[in-house]
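Novice: Take a look at the letters that make up each chain.
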Amino acid sequence: MSLRLFALVAIWIATFVCAGCAMPISGPAKETPRQVGPAHAGSTKGALASGGPTIASAELDELTRAFADRYVGLLSSACDALKKDNSDLVQRREAQELMVNGATNVYDIASNADAFTRVLDLVVVTTLASQVWIDDDRATEIFGDRAEVLVRALHHGRVEAWALAAQVLRPDQIDLLDYLLWDWRRQNPDMVRVYFVRFSNFAIGRGKSADAEVLAAGGLFGSVGQAGQAIGEARLLTERMFYQLKREPTLLRWQAEALQDAALATPEVGRALADVHRLTDEVEQLPKNVAAERQALLAALDERMNRADATIANVRATLGDANRLVTSLGPVSDSLKDTFKMADALFARYDSWDRWRTAARSRPFDIREYTTALEQLAASAGMVNEVLKSSNELLASSEWDRRVQQVSESADERVRKAVGESQQVVNTFFWRAYAALAILFVMLIICLATAFVLMRRLIKRVASNTALLRSQGDRAVGREAGPGAGAGGAPREGVPG
Amino acid sequence: MTRLLLTMAMALLWALAAGCSGPIKPRGQSGDRVAAPPPGAEGAATGTPVSSDVLPPYVPVAGLTGEITSIGASTATHLVARFAAEFRKIYPDVTLQVTASPISIGPAALLEGRADLVPMSRPLTPEEVQSFTKKYGYPPTEIKVAADALAIYVGKKNPVPGLTLGQLDGIFSQAQRTGTSSIETWGQLGLTGEWDDLPITLYGYGPEEGAYQIFRQQVLHDKPFRLSLRVEGGGSSIVQGVAADPAAIGFASVSFACKAVRVVPLAGADGRFYAPTAQSVRSHDYPLGRFLYICVNKPPRQPFGGPAAEFLRLLLSREGQQLVAAAGNIPLDAATVNEGRRSLAE
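Here the protein sequences line up with chains A and B, keeping their order.
If you count by my numbering, then the first sequence holds residues 3 to 499, one letter each, in order.
If you count by my numbering, then the second sequence holds residues -6 to 339, one letter each, in order.
Calculated from the structure, these hints are not laboratory results.
For clarity, every value in this text was computed on a predicted model and none was experimentally measured.
Quick reminder that beta carbons are idealized off the backbone N, C-alpha and C, glycines included.
Be aware that one or more of the hints could be misleading.
Claimed, not checked - Some chain A residues near chain B, calculated using beta-carbon distances under 7 Å:
1) 164
2) 177
3) 184
Stated by the list, open to error - Footprint (simulated), chain A over chain B, 3 or more residues, beta carbon under 8 Å:
4) 62 to 74
5) 93 to 101
6) 195 to 207
7) 214 to 228
8) 232 to 242
Go ahead and model the full structure; you've got the sequences and the hints to work with.
Specialist: This is how it looks when you write it as structure tokens:
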């Protein structure tokens, strides 16, 4: 009997122990509403006046998550407005980065286990982001006149975050936290990517602020992290996981856009794109340029031909002038003959006068000399007259005209031949250029098609990797949620299984 | 015996000389202190701006142990917290407990003996002094440890050139004092164009802050603020609220100035406009200058000793005032520092 009783007791104890092992370690299945409120200076010489607001952790959960969604909505709206019709690649990249970093980190904070830490972290990131973009005027520096929409959004988000903090902190703690963040920013003026900063970064551990110690002395840190230990249930963990996972596709899409914007705004890519644009522009302009150059070449040839025609005309005119000159030489020779005659009479008079003057010294006058001279002069004049006459005849002859005509025609023929050959050369060149262009376009189309196929394969691969990661995440969730779900009951309403 | 005395005297003189010029470190086990320079030895009269370099260096004492509890206004507590970090480096065996609280909590803690130091961002009120005196038979000792100025902030594009205290009263007060009129738009301050009909948005501290009380007392003559005052949690938030709102005006410590806002000069008693610089604050030309105080319970004609006294002596030294400047506040002039040191010694 006693043995049976002992065995029953042993079995009952074993059952109890085993059941205990299967229960969630973190406490009761049903969460008891925990009050989160301003911490009190329990360790100081006396307690400070209490009287700050208190709020249940479950309510704080809801408030912080709702705030996170609102903040991301504000931020994404502002960044979309900044990117709309904006051709500035750097501005687009900054806007996308701001949105992605803000959204990723705010969702990361909102899926934190500890509601109190979540509030502080939200205050930290929204305040620091506002300090960087508003106080330090980065918004205006980057976005110029477009900055106003971002300033409004960030300020609105910051005000809401502090209103949330006012639910759990006393006014003096809020003032101290405000100063702590301002001081941290003063110590880290060059940090721009502040969405990655958390309250623990400057409040705990090395390099912590003196004000953080004051907050700690006021009992603020007593609440940090404790909520996470208290709220360790699988249901809440699952909620957090689903909260994050539901927003993951949006974040992934934004990340991809950010990657694209970042790549486009990279100087090297920008230069390469500019080169491609220049090349395409030149390809587009090439036929036009070719036509223009062809026109210019033909115009030059025409001009040259006109110049040749003008030269030939000049030659013709010159020949005509020469003809007229030679023709006019006939009357000149006649007048020369008359001149000689007159000179003969004059010399005769002179001779008689000069002879009277110089009779004493000169030799006696010899009529034969005079006659000989006149005969020679007359012969010379006759010869000149003959030459002129033959020239006149030559110029007046049809043979001379025919020869000039032949020269002219020969020149015209040569010019025409040169023009024809030039046109042929130009046409051949341009036909070859057109053929090269056609080949280039075909090659470009082949390249584009290849890139498209490769991109499709890459996207498929990324999608398959993402799906694999998600499935791994789901399995991890399942593993963590398994014991709690078994003992704690069904998941919350509205949470997909 | 005489030779021994002579040797000791020479050693003492050498130690004093070394202490005056050397870095901050304990001077051995003697526990002696270098006497403070005579009043008036440094700087000129109150109001003369001096560099903290002319102040005496801090000389630590050896073997200091104990505990200091500071409970006070958050604005002044920022400064105390910074000093606490430095103080711990010099005196690692002293435990410091620094707690921020609403400004009215500090005097009560001093009265009840719960705090050794009470940082305040305004002077004690007559009621607070009276309560203390009633209990202890002597008033609390208020020691000025830093100067500060309440700056008036507007957006960086706001062209308002300067303001008088009367105009500030018209802007912030719900019921203006006699002689001032209600000012609700920027056009009433002489701005034209797009500013003409733009309503003024107000930003400021909450009633628990010393800055709120000082502003209300000095500018509004204890009349209430407009209900439209947007109360922010701290000075940084006030300045950012102004930065994000082109029609805004706000008051906060001058140390919170940033690129996105402009500090408006204020008319002094002589009618000239002054920006809140160290010089104009020390000379009292700038009308909204103020001091940060630490209040202690020190019986008269008894020297103030212990870790709390060392903490104050560090504050009122060359190194202390350099830390004041590093914290964004305005260091005291030599005369005010000496006045504080005398208060501790007498």
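Novice: For each hint given before, does the structure comply? Return the numbers of the non-compliant ones in rising order.
Specialist: none
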